[in-house]
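Q: Sequence:
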Amino acid sequence: MAAGFDPSGRLPDVFTNAGTSSFTAFLSKVAPEMLPGRRPLPPGMAADMAPHATTIVAISAAGGVVMAGDRRATMGNLIAQRDIEKVHPADAYSLVGIAGTAGIGIELMRLFQVELEHYEKIEGAMLSLDGKANRLASMIRGNIGAAMQGLAVIPLFAGFDLAASDPAKAGRIFSFDVTGGPYEETGYDAIGSGSLFAKSALKKRFRTGLSIDDAVRLGVEALYDAADDDTATGGPDLTRRIYPVVMIATAEGTHRLTDAETATIAESVVSGRMENPGG
1 MAAGFDPSGR LPDVFTNAGT SSFTAFLSKV APEMLPGRRP LPPGMAADMA
51 PHATTIVAIS AAGGVVMAGD RRATMGNLIA QRDIEKVHPA DAYSLVGIAG
101 TAGIGIELMR LFQVELEHYE KIEGAMLSLD GKANRLASMI RGNIGAAMQG
151 LAVIPLFAGF DLAASDPAKA GRIFSFDVTG GPYEETGYDA IGSGSLFAKS
201 ALKKRFRTGL SIDDAVRLGV EALYDAADDD TATGGPDLTR RIYPVVMIAT
251 AEGTHRLTDA ETATIAESVV SGRMENPGG
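Going letter by letter, the sequence shown gives residues 1 to 279 in the UniProt record's numbering.
Because the hints were derived from the structure by calculation, they are not lab data.
Cβ atoms here follow ideal geometry from the backbone N, Cα and C, with glycine treated the same way.
Incorrect hints may appear among the rest.
Simulated restraints on C-beta separations [unchecked claim]: (1) 196 with 138: 25 to 31 Å; (2) 196 with 259: 44 to 50 Å; (3) 92 with 168: 18 to 24 Å; (4) 165 with 205: 25 to 31 Å; (5) 103 with 167: 45 to 51 Å; (6) 103 with 138: 29 to 35 Å; (7) 120 with 30: 16 to 22 Å; (8) 258 with 211: 30 to 36 Å.
Use the sequences and the hints to build the structure in full.
A: Below, the structure written as structure tokens:
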């Protein structure tokens with residue numbers, strides 16, 4: 001039971017008094033054992049004990065940003081799951097994708113969603129995009145103990161900056177290191193085991209001012225290239241009809257492409273590679 005709960009069922013004062021706008025800080029006072037980075041771990045490395053999520057790409061475009069992720073999770077040399085979803089909306093105008101230990105990553109992503117919603121309800125205003133990136137950085141920093149034992153989580157964060165002076169350049173991307181350091185990326189970025197190959201593909205094809213549609217196709221092609229060289233990244237599975245998760249953040253909010261829309265793009269990419277395997 002969380003510290004301070006009254007057996008009669010009455011909520012303690014900390015729940016009813018005005019407090020911090022950070023849900024993570026609130027949780028660290030009320031129930032710190034529920035935070036991912038506060039749980040005790042056995043000694044030694046634990047990296048092979050849990051499924052790992054792999055490749056995520058993000059691309060800035062004219063009027064927004066695109067994020068796409070493959071669907072494979074691995075555990076050692078085995079495929080742990082073929083249809084995991086690693087890209088999610090963080091709030092109405094931002095996206096977050098996870099690579100690393102899947103279970104902790106999903107929990108961290110959900111906690112981040114609550115963090116942003118809690119701030120908005122307490123303060124009556126939305127955090128700036130830089131503020132959101134800094135909040136996520138502090139949450140990653142809280143997981144440093146588990147990361148040192150092999151249970152690392154590295155997110156990729158992107159969104160539409162409502163405060164941008166030029167809407168055409170409002171799509172922004174932030175990457176992080178395992179210690180929580182936030183870094184703004186220019187144009188595109190990728191994380192996960194296939195990121196080296198995905199970024200190599202993006203480097204050749206990215207152009208400033210891409211349309212959203214062109215950025216979506218480029219993201220799917222980059223994931224295809226990553227899957228071509230990285231066994232932990234899953235390419236489009238035409239047999240099982242499992243395709244990448246593709247999401248967009250624009251001035252109108254976040255939007256996930258339907259399976260039918262993603263299937264059309266993925267099948268077009270695969271068809272093109274049948275004629276020209278090298279891209």
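Q: Run every hint past the structure and note whether it holds.
A: Structure-based check of all given hints:
Hint check: residue 196 to residue 138, Cβ distance near 28 Å, so the stated range 25 to 31 Å holds. In this structure the hint that residue 196 and residue 259 lie 44 to 50 Å apart at CB is violated, the actual value being about 28 Å. In this structure, residue 92 and residue 168 meet the distance hint of 18 to 24 Å, their C-beta atoms being roughly 20 Å apart. At about 28 Å, the CB distance of residue 165 to residue 205 agrees with the hint of 25 to 31 Å.
Here the CB-CB span from residue 103 to residue 167 is close to 38 Å, at odds with the stated 45 to 51 Å. In this structure, residue 103 and residue 138 break the distance hint of 29 to 35 Å, their C-beta atoms being roughly 20 Å apart. At roughly 20 Å, the beta-carbon separation of residue 120 and residue 30 lies within the given 16 to 22 Å, and the hint holds. Checked against the given bound of 30 to 36 Å, the beta carbons of residue 258 and residue 211, roughly 19 Å apart, lie outside it.
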